[in-house]
Every structure is written in C-alpha cells, then in structure tokens.
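**Q** What follows is each chain in one-letter form.
2 protein chains.
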Amino acid sequence: MRVGFVQLEPVFGQKDANIKKATQMIDKIDADLLVLPELCFTGYLFKDKDELENLAEKIPDGPTVEHFLNLAKKRNVGIVFGIAERCENNFYNSACMVTPEGELFLYRKLHLFMEEKDLFKSGDKKLFVIDFKGTKIGLMICFDWIFPEVVRILSLKGAQIICHPSNLILPYCQNAMVTRCLENRVFAITTNRTGKERRNEKELHFIGSSQVIDPSGNVITKASSDHEEARVVKIDPDLAKDKKFTPQNDLWEDRRIDFYSEILTK
Amino acid sequence: MRVGFVQLEPVFGQKDANIKKATQMIDKIDADLLVLPELCFTGYLFKDKDELENLAEKIPDGPTVEHFLNLAKKRNVGIVFGIAERCENNFYNSACMVTPEGELFLYRKLHLFMEEKDLFKSGDKKLFVIDFKGTKIGLMICFDWIFPEVVRILSLKGAQIICHPSNLILPYCQNAMVTRCLENRVFAITTNRTGKERRNEKELHFIGSSQVIDPSGNVITKASSDHEEARVVKIDPDLAKDKKFTPQNDLWEDRRIDFYSEILTK
Numbered sequence: 001m002r003v004g005f006v007q008l009e010p011v012f013g014q015k016d017a018n019i020k021k022a023t024q025m026i027d028k029i030d031a032d033l034l035v036l037p038e039l040c041f042t043g044y045l046f047k048d049k050d051e052l053e054n055l056a057e058k059i060p061d062g063p064t065v066e067h068f069l070n071l072a073k074k075r076n077v078g079i080v081f082g083i084a085e086r087c088e089n090n091f092y093n094s095a096c097m098v099t100p101e102g103e104l105f106l107y108r109k110l111h112l113f114m115e116e117k118d119l120f121k122s123g124d125k126k127l128f129v130i131d132f133k134g135t136k137i138g139l140m141i142c143f144d145w146i147f148p149e150v151v152r153i154l155s156l157k158g159a160q161i162i163c164h165p166s167n168l169i170l171p172y173c174q175n176a177m178v179t180r181c182l183e184n185r186v187f188a189i190t191t192n193r194t195g196k197e198r199r200n201e202k203e204l205h206f207i208g209s210s211q212v213i214d215p216s217g218n219v220i221t222k223a224s225s226d227h228e229e230a231r232v233v234k235i236d237p238d239l240a241k242d243k244k245f246t247p248q249n250d251l252w253e254d255r256r257i258d259f260y261s262e263i264l265t266k
Numbered sequence: 001m002r003v004g005f006v007q008l009e010p011v012f013g014q015k016d017a018n019i020k021k022a023t024q025m026i027d028k029i030d031a032d033l034l035v036l037p038e039l040c041f042t043g044y045l046f047k048d049k050d051e052l053e054n055l056a057e058k059i060p061d062g063p064t065v066e067h068f069l070n071l072a073k074k075r076n077v078g079i080v081f082g083i084a085e086r087c088e089n090n091f092y093n094s095a096c097m098v099t100p101e102g103e104l105f106l107y108r109k110l111h112l113f114m115e116e117k118d119l120f121k122s123g124d125k126k127l128f129v130i131d132f133k134g135t136k137i138g139l140m141i142c143f144d145w146i147f148p149e150v151v152r153i154l155s156l157k158g159a160q161i162i163c164h165p166s167n168l169i170l171p172y173c174q175n176a177m178v179t180r181c182l183e184n185r186v187f188a189i190t191t192n193r194t195g196k197e198r199r200n201e202k203e204l205h206f207i208g209s210s211q212v213i214d215p216s217g218n219v220i221t222k223a224s225s226d227h228e229e230a231r232v233v234k235i236d237p238d239l240a241k242d243k244k245f246t247p248q249n250d251l252w253e254d255r256r257i258d259f260y261s262e263i264l265t266k
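Residue numbers (my numbering), protein chains in the order written: chain A, 1 to 266; chain B, 1 to 266.
In case anyone wonders, no lab produced these hints; they're calculated from the structure.
All values derive from a computational prediction rather than experimental measurement.
Just to be clear, a hint being listed does not mean it is correct.
The list treats identical chains as interchangeable, and a pair is accepted whether it falls inside one copy or across any two copies.
[Stated by the list, open to error] Once the Cα atoms are required to be at most 27 Å apart in a straight line, the calculated DSSO-like pairs of lysine-lysine come out as: (1) 196 / 244; (2) 20 / 74; (3) 202 / 117; (4) 126 / 243; (5) 20 / 58; (6) 243 / 202; (7) 126 / 157; (8) 234 / 73; (9) 117 / 241; (10) 49 / 244.
Pulled out of the complex, with its shape left as it was, chain A reads as follows (with noise of 0.2 Å):
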C-alpha cells in the first residue's frame, strides 16, 4: 500500500487557491491513501465565529467534500484532510475521509487545544475505524495525540493506519508518535503544515515535519519543517496486525485491563 502526506501552507481565508493547490499537488500522486493537515483549506486563526462561519462548510454537503470525492475518485486515492465544519449552530474541527468508491467518513475532534475552545465544539461522536482496501483506518486531528487514549482506542478497534491531519506549533508530538506506534504497534502518518499566521496580533508558526512511522517505532520518512511537500511510502498494512513486541510479549495479550478501570473513574 503506497501511502504518504501532502505536507500544505494554506493562506489563511483563500479556500479556492488552497484547494487549487492541494488539488494540483494530489494530481502529480500516486498514491492509495493521502493525508492533509488540519484545517487546510481555511487556514487556523479566525478572529471569531463570524468569520468561522463564513469558511466553514457543512457535511456532507458542502463544495468541498464534493470537489475532493471527485478527486478521489478521479485519482483512485483515498483522502484525508481536516476542514471546519458547520453543523445547525455548531462548528466542528473535523477531519473527513474520502474514498474512490464515494464514501465520506467524519471524525470530531475530541480534544480541542488552546483558543479552539473559543470557537469549535468539542467532539461528540466516537472513535472508529473504516475499512479502506482491506486495510482498518484510524482518524484523529492534531492535539488528539497527547491523550494516549486516542491511538490506543482506535488500535484496540483494529486500526493498521493512523491518520493524523495535524496543525503543530509545539515540538512534542512528533516525538510522540514514535511512542504511540511502538506502544500500540501501529502505522501513524502526521500531516503537519508550514508557514505562519498572524491574526489578532497573535502570530503562530507551524512546524512542518509531517512524517509516517511504522509499528517498530521507526520513521519511515519525514518532510522539511518549512515547506510543502508531499511523499509516499510504500508499507505493509499487515505488520500492524501482528502485536508482538517480542516472541513473548503480544500487546494486546499483555494487557492487564482487570487493573486498568481507573482510567475511566478519575
């Protein structure tokens, strides 16, 4: 399976030319599965939720689902990307997956960071995993991987993929996710973007490094920290499958869940 990021440094409030971009980029791919960043189209730093509600979009009837199921299914690519949802009242930082046969899977942001609590709802559906090609697809966005629980939940529901659509400006995460694959023995791609946004004279950088890491906990690639960049690796799914961390230490076998209940009791 040929899967990789399309690493993006959208301008902030040009979703026609963010879109163009990406689209451009994704039409020089050949790939079977593609992740985006967060929020890629309308950029991160809205002033408030007047001008949210100018970009956001709703799902799944907005034009840019709709331009990215075509080209999906144009590229026979399944796609990730992170887009600020409208839904009745509420706004969603979400990611969607589109796949060549049509479908659309949303996930909701779980955990939202910083002033994102300003101005999106917080998730309120849960955690699954879609069948892609015989391959099991975990979403999650961004800030979603400080929890452990996130990578964990999704793993134990079977996902082989995580696909990470992030917007970084903290230099954590990507160190993280070497954990969170080894820990849950899974493949990760974290799509981050580059460039800056200064808005309400607060200005954030985001730091790029978009990278994929197999269940071994190693890096298989990883992008520049200041430009777009897309890149495809070739993996096997399957590895994932396999929980062993050593000939005797299956994970998922290890688990001693009879001691785990206070996660949920804090």
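For this one, chain A is given, so just place chain B on it according to the hints.
**A** Then chain B, alone, in the frame of chain A:
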C-alpha cells in the same frame, strides 16, 4: 525535594556483595528519595525456578527488606528497589519502597517481559500511590513503561513522582518516558542497571542511562550507559499537581472519559 537514582551493576547471585555496594553508595548521598534498579541485588538472568527460589525473599520478613528499612531510617531517605519476592509457592518481580518512618510498600510487576513469564507470576495487586513527606509516589517496574495505562493510572491517582526500577536492554524506554511525563505532567525516575549477564548461553546487555524527567518532558539528569553512578537533583514535586499543558488545556479536565470505555473492552 532531593530525588535521584543509584545506577548499579550487580553481579548475578552475589546478593550480599551487591547489597553492600549499594549501601556504600547510598551512605555517601544526601537525598530524600532514591530509586535503585529492578532485581538489583540478585541479578536478572535466573537459570530456573530453583535458582530463583534460593535468591528470592519473603516480604516483609526477608533480610534485604530489613536491611533497607534500617538504612532508610539511618540515612533519612526513602528508598525504592527491585527485588525477587517469594510468596508461598509463587515468585514475583517486585519493587519495595521503604521510608525512614519504617513503612514498607510493595508493588508486583503487572507486565512481565519475555522469559520472566517462565519464572514469575504477574502482579496481582492494584496500582497504588504512596504518601511520602507530603508528596505522592507511584511505583512501576521496567516493561510496565510500554503500557500507557500504567503511568496514566498512577498519575490519575495523584502520583507526582513515578519511581521506575528497570533492567532495560532495548533502546525505546528512555525516550518513551519523555512522553509519559508530558502526557501526565509528572516526574519520573527511571533507574536502570549496567553491565552484561551471560547465563544458559543467553547474554543480555543492560544499557544504563538512568534518568530523571520533569512534568514538561525535560530530562533533568541522565546517567552514562556503562557504569555505576548515583545522581541527585532538586525538584519541586508540586509542579506535577498543575496539569495545565497550555493556559487553556488542563490535561485532566480535557480528558473525554465518556469516549474511553473501549480501553476496558478490547
């Protein structure tokens, strides 16, 4: 609070000599809390259960615990050490904490590594925290590191410092503990041993590199990979009570426990 590790290189089976050397090192240190490696008086590579039976001890009635209870009192220091425990007809890979007040706490490793499964019974008691001089201490042993549930649960129970006696041979744990400390905002003292053991035509090389990490994921101090040494650092354990990763992100308040139940249902 002055906390640290005593990185040792025990000689297999030379329990008295190993205890003597550890004692001499501790006698030279001023600290409030010291962590020694896993199985640090017996050595690690037991040929069989008969050999283990000769070296394991009852707890609290064995001479090693008695010795370290006296030493804790004499030196006014809390001491955590790994020990081979015999209890009726079972053996456990255990950790003790002894305090100057004469208290003894016992943890039995929940997740056994490789051939340990042939010798030891898996831990059969819940994870717990110890109130020590106003600071909450959690105990875990070596391979427990790869199960994110362990540090998570200890931290949710209030642990501010994770004491982590180890006999590490693989290169992953030291880096993973950075993420464990970040995701739970706790301190961790991972004490590893050094040297080689060759028995039954099997050779293990222990990689040292004991370390103390703070709740922001900084490695405060780190030992060599190849020789015995003790290090003590001054820390403020109350930093681990603040679970704010950003001003708007308290890692405890942000948890979405309604969405985590799959951890217990695999």
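**Q** Compare the structure with each hint and give your call.
**A** Hint check results:
For a Cα distance limit of 27 Å, the shortest separation of residue 196 from residue 244 across copies, 25 Å, qualifies, whereas the shortest one inside one copy, 42 Å, does not. In this assembly of identical chains, residue 20 and residue 74 lie within 27 Å of each other by CA distance solely inside one copy; the values are 15 Å within and 73 Å between copies. In this assembly of identical chains, the alpha carbons of residue 202 and residue 117 lie at most 27 Å apart only when taken from the same copy (16 Å versus 55 Å across copies). For a Cα distance limit of 27 Å, the shortest separation of residue 126 from residue 243 qualifies both inside one copy, at 24 Å, and across copies, at 25 Å.
Proximity of residue 20 to residue 58 under the C-alpha cut-off of 27 Å is restricted to the intra-copy arrangement: shortest distance 20 Å within a copy versus 71 Å between copies. Within a single copy, residue 243 and residue 202 get their C-alpha atoms only as close as 44 Å, which misses the 27 Å cut-off; across copies the closest is 24 Å, which meets it. Taking the shortest alpha-carbon separations for residue 126 and residue 157, both the intra-copy value of 11 Å and the inter-copy value of 26 Å come in at or below 27 Å. Taking the shortest Cα distances, residue 234 and residue 73 sit within 27 Å of each other inside one copy (21 Å), while across copies they are farther apart (60 Å).
In this homomeric assembly, residue 117 and residue 241 come within 27 Å of each other (Cα to Cα) only across copies, at 23 Å, whereas the closest approach inside a single copy is 36 Å. Taking CA atoms no more than 27 Å apart as the test, residue 49 paired with residue 244 passes between copies only; the shortest distance there is 25 Å, against 47 Å inside one copy.
The structure is consistent with each of the numbered hints, conforming to all of them.
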